[in-house]
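Required output: the full structure, derived from the provided sequences and hints.
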Amino acid sequence: MPTEASIHDPVPVGAILAGGLSRRMEGPEKTLLELDSQPLVQRIRDRLAAQCGDILLNANGDPARFAFLDLPVQADTVEGFAGPLAGVLAVMDWCAENRPTATHVLTVAGDTPFFPADYCARMKKALAEQNDPETICLAFSGGNRHPTFGLWPLRLRVPLHDFLVREGERKVLLFAQRYNLVKVDFALAADGSDPFFNINTPQDLEQAAGMTGKAE
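Quick note: the sequence shown uses this note's numbering, first residue 169, plus one each step.
Pairs of lysine to aspartate or glutamate, EDC-like flavour, derived with a Cα cap of 16 angstroms:
hint : residue 1 : residue 2
1    : Lys351    : Glu297
2    : Lys351    : Glu302
3    : Lys351    : Asp300
4    : Lys293    : Asp353
Please keep in mind that the hints were generated in silico from the structure rather than gathered at the bench.
Shown next, in the form of structure tokens:
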């Protein structure tokens, strides 16, 4: 069971969620597309590594295609591409086996290259202000929620499995609202751009190319 200290000052395991289907992106899967001469997922790994030392990747299919990242790769542990929560559960399952003393996981999306440099610090600060060990922190910006960006207590691993498998549910907010949900609001950039801008289409990739350097 987490101690009082670990609840208020966790050292979370970081996780890149890249287990979804790239339905709107033509050609190669979007995490391997290049942005500023660098694979998108590598850029995200580096950004997360600067904030969170212990990282893994949630991705389905042949893990060899991500060997260049030098990260553990964990596939979904429930069938059917059940959305972001399936990735969160997969990461929790990996931690249960490989990081048994961990108390929290910090997730980022595999298609969002400009997430805030203080993302981890802000999420931990929000958690520290709570007393409920079943607190879930989710990122918001510009009035929009970002359900793949969250700080999740590992003690909710079994309830999350039941939510996905026994209840057949998938919605992040439906699960999170059963617990102490904290919405962590991040400001937009000075030019109005959203640090959680994500890449779903070729047009988004072109827009992101114009944002490199500005959103660092």
